[in-house]
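Colleague: Sequence:
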Amino acid sequence: MLSVDVNVAYRVATSKDVDVLLELVEEFHKIEKLPFDPVLDRVSLQQFLSNPALGRVWLITERNRVIGYVAVTFSYSIEFRGLGAYIDELYLRSAHRGQGIGSQTLKFVEQYCRSLNIPTLALSVHEDNERAYKVYRKAGYDDRGYQLMMKAIA
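This note's numbering puts the first residue of the sequence shown at 178, with every later residue one more than the last.
Be aware that one or more of the hints could be misleading.
Mimicking SDA-like on lysine to any residue, the simulated pairs with C-alpha atoms at most 25 Å apart in a straight line are [said to hold, decoys possible]: (1) LYS315 to ASP182; (2) LYS210 to LEU325; (3) LYS284 to THR297.
Hints were generated in silico from the structure; no laboratory data involved.
Please model the complete structure; the sequences and the hints are all you need to start from.
Modeller: Shown next, in the form of structure tokens:
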């Protein structure tokens with residue numbers, strides 16, 4: 178049974194939230210050893226936030242203080258027979274991990290996707306992030322045996 182923290186809320190991020198989002202993205206990317214460029218990432222966030230057809234970003238708040246964010250993108254898959262969603266990034270500041278907020282956030286995103294009749298939700302997790310992997314497995318996400326591959330083409 179998922180315990181819901183009533184002090185945790187989700188607010189759709191807007192262009193007015195770019196500065197706080199950029200700070201959170203920098204924190205997350207540092208932990209995950211992902212590239213971060215404040216100029217390029219600001220432009221990327223602004224583009225994403227200005228086009229709802231691409232997906233949504235929610236700021237995760239606790240007692241009106243921002244403690245993290247979750248970004249969900251939309252796609253289409255023949256394999257999964259329709260529109261799908263992908264949790265691009267889910268980040269909680271360290272003081273707020275291990276309290277069930279990540280699991281609660283997954284449930285929130287799942288409910289949102291169901292409201293849009295999106296039948297499939299995917300995510301990726303770094304192989305070294307065992308803690309997150311366990312949270313995702315416990316929430317019902319299966320390892321599909323795929324290897325994420327990428328190539329920069331521009």
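Colleague: All hints, please: hold or fail.
Modeller: Each hint tested on the structure:
1. LYS315 to ASP182: 18 Å, holds
2. LYS210 to LEU325: 16 Å, holds
3. LYS284 to THR297: Given pair LYS284, THR297 holds - Cα atoms ~13 Å apart, limit 25 Å.
Checked against the numbered hints above, the structure breaks none of them.
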